[in-house]
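S.K.: Given next are the chains, with one letter for each unit.
Number of protein chains: 2
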Amino acid sequence: MIEVVILGAGNVAFHLFRAFSEAENTRVIQVYNHLEENLNYFKDYTNTTNRISDLKSADFYLLALKDDVIADVAHNLKDLPGIVLHTSGAVSLNALENLSNFGVFYPLQTFSKNKLVDFGEIPVCIEANSAENLEKIKKLTLEITKDVREVNSEQRKALHLAAVFVNNFSNHLYTLGAEICEKNQVDFSILRPLIKETASKIESLAPKDAQTGPAIRNDQKTIEAHLRLLPKKNKDIYSILTQSIQDFHGKKL
Amino acid sequence: MIEVVILGAGNVAFHLFRAFSEAENTRVIQVYNHLEENLNYFKDYTNTTNRISDLKSADFYLLALKDDVIADVAHNLKDLPGIVLHTSGAVSLNALENLSNFGVFYPLQTFSKNKLVDFGEIPVCIEANSAENLEKIKKLTLEITKDVREVNSEQRKALHLAAVFVNNFSNHLYTLGAEICEKNQVDFSILRPLIKETASKIESLAPKDAQTGPAIRNDQKTIEAHLRLLPKKNKDIYSILTQSIQDFHGKKL
Chain F
1 MIEVVILGAG NVAFHLFRAF SEAENTRVIQ VYNHLEENLN YFKDYTNTTN RISDLKSADF
61 YLLALKDDVI ADVAHNLKDL PGIVLHTSGA VSLNALENLS NFGVFYPLQT FSKNKLVDFG
121 EIPVCIEANS AENLEKIKKL TLEITKDVRE VNSEQRKALH LAAVFVNNFS NHLYTLGAEI
181 CEKNQVDFSI LRPLIKETAS KIESLAPKDA QTGPAIRNDQ KTIEAHLRLL PKKNKDIYSI
241 LTQSIQDFHG KKL
Chain Z
1 MIEVVILGAG NVAFHLFRAF SEAENTRVIQ VYNHLEENLN YFKDYTNTTN RISDLKSADF
61 YLLALKDDVI ADVAHNLKDL PGIVLHTSGA VSLNALENLS NFGVFYPLQT FSKNKLVDFG
121 EIPVCIEANS AENLEKIKKL TLEITKDVRE VNSEQRKALH LAAVFVNNFS NHLYTLGAEI
181 CEKNQVDFSI LRPLIKETAS KIESLAPKDA QTGPAIRNDQ KTIEAHLRLL PKKNKDIYSI
241 LTQSIQDFHG KKL
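Protein chains in written order, with the UniProt record's numbering: chain F, 1 to 253; chain Z, 1 to 253.
These are calculated hints, taken from the structure and not from any lab test. Among the clues, some could well be false.
The list treats identical chains as one, so a pair stands whether inside a single copy or across any two.
Listed next, the in silico DMTMM-like pairs over lysine to aspartate or glutamate satisfying Cα-Cα at most 20 Å (straight line) [said to hold, decoys possible]: (1) K43 <-> E135; (2) K196 <-> D118; (3) K115 <-> E182; (4) K208 <-> E182; (5) K196 <-> E121; (6) K196 <-> D147; (7) K136 <-> E3; (8) K196 <-> D209; (9) K235 <-> D247; (10) K113 <-> E203; (11) K146 <-> D118; (12) K136 <-> D147; (13) K115 <-> E203; (14) K208 <-> E179; (15) K232 <-> D247; (16) K136 <-> E97; (17) K233 <-> D72; (18) K183 <-> E154; (19) K139 <-> E121; (20) K78 <-> D54.
Bound-form chain F, shown alone (with noise of 0.2 Å):
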């Protein structure tokens, strides 16, 4: 059994819980938090703490934590044994490098509390300070998902930057959509099939190929009356994306 604890009590901390918990061979034996009270939702499960000093001996330490508190709690780890790996995208593996034994697991994916998701599905990029901790890392996410990625600091930052357009901004451009149908008294549900629809499609075509609408076909009509519509601020986005759509595409002309 391997055994794993998990500092941190957000919404990865959360996923991780669940996922180590329900995996076959490991065990999430306790959860820490800095504030008692965050631990609530754990303590029915498994052991908790508030304190560094009464974390329990375990094979993985896991710090899903704000990026900038990592290498400071990381710090006071240094006399446990096991491999501590830090779960951020944008911080280097080497905020870790006063350890021993250390890595990084880093999720692939967005979570929110109120949605569960199926973790088998997620990447999970993975580094290590030795290609034999390399190893116990993959073979711990092994546990939790089928796809387990080598990905170095340098490339993880790049995906977690990627992962900030392809999520965060869509998730945003959503949302102005859900404004524009409020406004004008549609129900937003007429747009979910065209968003599943939209996210569908790049499983078997590449996002270039499966661009469609005004700005690709430079369809200066319709431009011109969506601006009409729009009010200062989203005129401002929709100028700035249908050049970003003709430039990308044009240089390919």
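Given chain F's structure and the hints, the job is docking chain Z onto it.
M.R.: For chain Z alone, kept in the frame of chain F given last:
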């Protein structure tokens, strides 16, 4: 049997042809295009013509044409029986007002020739010049989808605009994500589960409630690190969308 003539041979015409050919109570008796060579695909299945004067008598004429030729082509259909429908999101109902029986049949979906869609899930926005024709159009539409919605021309134009945000612009963000992957020698497939989950989340959450990431957290350190990684042009897109997320969600705090 409801008899349909389709005018046009592009993506929308192709998918409408398939849907109405497969439906139980409808039949596509003819496909028109002004260029003979565009009709090759359809010739194996139905009558085709490149002359307006050869159009057959039918219950419906579906114009799957470029926006700027709809009014002109419709003008030449005056003497035909049946209801003339255009399929555009951006063109008003009254572009067809020289006819006796007319309406709009706007499927809110993105169509590519090389990607089949399940028409039964696609919302179709309908509008007509009379209550009687609206009923007939509704009946026709229910042959191929369960999601029929009465939407007026103004609402339809707003939906067309919202569709540009959630579909064309989101897809372009996927393209930019793919470009970042390529530059860093990471396979784009790693982003697919994230893209899928981003779209799938809004089936149970309003998009504004699904927003995550550095912009909504106001994580200035990550935002600055991301901006440093981006080329000038994409920096502007990153900044304007980050600002828009903060403005939108700031308003609510």
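S.K.: Hint by hint, note whether the structure agrees.
M.R.: Here is how each hint holds up against the structure:
1. In this homomeric assembly, K43 and E135 never come within 20 Å of each other (Cα to Cα): the closest approach is 31 Å inside a single copy and 59 Å across copies.
2. Taking the shortest alpha-carbon separations for K196 and D118, both the intra-copy value of 18 Å and the inter-copy value of 12 Å come in at or below 20 Å.
3. For a Cα distance limit of 20 Å, the shortest separation of K115 from E182 qualifies neither inside one copy, at 24 Å, nor across copies, at 30 Å.
4. For a Cα distance limit of 20 Å, the shortest separation of K208 from E182 across copies, 13 Å, qualifies, whereas the shortest one inside one copy, 30 Å, does not.
5. For a Cα distance limit of 20 Å, the shortest separation of K196 from E121 qualifies both inside one copy, at 18 Å, and across copies, at 11 Å.
6. Taking identical chains as interchangeable, the C-alpha atoms of K196 and D147 lie at most 20 Å apart only when they sit on different chains, with a minimum of 15 Å there against 23 Å within one chain.
7. For the homomeric pair K136 and E3, the shortest alpha-carbon distance inside one copy (12 Å) is at most 20 Å, but the shortest distance between copies (66 Å) is not.
8. Within a single copy, K196 and D209 get their C-alpha atoms as close as 17 Å, and across copies as close as 18 Å, so both meet the 20 Å cut-off.
9. In this homomeric assembly, K235 and D247 come within 20 Å of each other (Cα to Cα) both inside a single copy, at 18 Å, and across copies, at 15 Å.
10. Taking the shortest alpha-carbon separations for K113 and E203, only the inter-copy value of 15 Å comes in at or below 20 Å, while the best intra-copy value is 26 Å.
11. When the C-alpha separation of K146 and D118 is checked against a cutoff of 20 Å, the pair qualifies only within one copy, where the shortest distance is 11 Å, while the shortest distance between copies is 30 Å.
12. For the homomeric pair K136 and D147, the shortest alpha-carbon distance inside one copy (15 Å) is at most 20 Å, but the shortest distance between copies (51 Å) is not.
13. In this homomeric assembly, K115 and E203 come within 20 Å of each other (Cα to Cα) only across copies, at 10 Å, whereas the closest approach inside a single copy is 22 Å.
14. Proximity of K208 to E179 under the C-alpha cut-off of 20 Å is restricted to the inter-copy arrangement: shortest distance 10 Å between copies versus 27 Å within a copy.
15. Proximity of K232 and D247 under a CA criterion of 20 Å is satisfied inter-copy only: 13 Å between copies versus 23 Å inside one chain copy.
16. Proximity of K136 to E97 under the C-alpha cut-off of 20 Å is restricted to the intra-copy arrangement: shortest distance 18 Å within a copy versus 72 Å between copies.
17. For a Cα distance limit of 20 Å, the shortest separation of K233 from D72 qualifies neither inside one copy, at 40 Å, nor across copies, at 36 Å.
18. Proximity of K183 and E154 under a CA criterion of 20 Å is satisfied inter-copy only: 11 Å between copies versus 43 Å inside one chain copy.
19. Only within a single protomer do K139 and E121 lie at most 20 Å apart by alpha-carbon distance; the minimum there is 16 Å, versus 41 Å between protomers.
20. In this homomeric assembly, K78 and D54 come within 20 Å of each other (Cα to Cα) only inside a single copy, at 14 Å, whereas the closest approach across copies is 85 Å.
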